[in-house]
Amino acid sequence: MEDFLIVEMFFERKEAAIDEARQKYGKRMFRISHNILHSNEDAEECVSDTLLKAWGVIPPNRPTMLGAFLAKITRNLSINRWEAGRAAKRGGGETNLLLDELGDCIPSKGGRPEVEYEASLVSAAINDFLQSIDQQARMAFVLRYFHGESIRDISERFKVSESKIKSILFRTRKKLSAHLEKEGILI
Amino acid sequence: MTAKFLLDCIGDIHDDFLEEAEWINVAIQNTRKRAIKYGALATVASVGIAVTMLWIRSKRSGMKAA
Chain H
1 MEDFLIVEMF FERKEAAIDE ARQKYGKRMF RISHNILHSN EDAEECVSDT
51 LLKAWGVIPP NRPTMLGAFL AKITRNLSIN RWEAGRAAKR GGGETNLLLD
101 ELGDCIPSKG GRPEVEYEAS LVSAAINDFL QSIDQQARMA FVLRYFHGES
151 IRDISERFKV SESKIKSILF RTRKKLSAHL EKEGILI
Chain Z
1 MTAKFLLDCI GDIHDDFLEE AEWINVAIQN TRKRAIKYGA LATVASVGIA
51 VTMLWIRSKR SGMKAA
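Line order of the protein sequences matches chains H and Z. Just so you know, my numbering puts 164 at position 164 of the first sequence, and the rest follows in order with no gaps. Just so you know, my numbering puts 29 at position 29 of the second sequence, and the rest follows in order with no gaps.
Just so you know, the hints here were simulated from the structure itself, not pulled from any lab data. Careful: at least some of the hints might be erroneous.
[To be verified] Calculated cross-link-like contacts (lysine-lysine; reagent style PhoX-like; alpha-carbon spacing at most 25 Å):
(1) Z:LYS37 with H:LYS27
(2) H:LYS159 with Z:LYS37
(3) H:LYS53 with H:LYS72
(4) H:LYS159 with H:LYS174
(5) H:LYS159 with H:LYS175
(6) H:LYS24 with Z:LYS37
This structure is a prediction, so every number in the text was calculated from the model and none was measured.
Full structure from sequences and hints, please.
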């Protein structure tokens, strides 16, 4: 079923909209959540929570890309759940690795007191940056830092070695760091 | 700014980029499905050709003997 029809069902408050959305995007949501939480049970719950949240926010929202809309909700819910779990017990997993790697992108020059820029400003800078890089690097970046995929999975998808993906991601992080600095986003 | 803050900001990237990355997943799944399908077809075809060749050979040797 087309996205706009599913969204229309949400607007008409038809509960079948949830089933349709689950059928079309369930696997995608589960994969994102599982990449972050590494638990089938938690990932299943996150998918259900995502659909419940979507039910609450559509309407008034009318997403044109329902898959991306749901993916963002799933990711946020999964990270929140992961954080709650981490607070309860110190643990590893892919998300810790993501945070370690993204630490490279935070410009350390400047020596000014920490200034927290608005998230929208940083997101806009990231979007501009992603627009400017080549497609393979962009896809690898999104798969790694949005979807939380492992290096091995990404290398399998692109049919290249893991070291090549590591090198692409390393270069992309360095470029992002430089871009953020250029945009005046400093610590 | 922390890595967690950056991770959150990446959560707001354009839908187009997400769809683009998702496209490679779908493309790869389709390629795998195609590979399995054509691989199976090629195997069946090879076996068919081999059996036919054997059958023709056995027919020929039968005719020679006669």
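### Query
Taking each numbered hint in turn, which are not upheld by the structure, reported in ascending numerical order?
none
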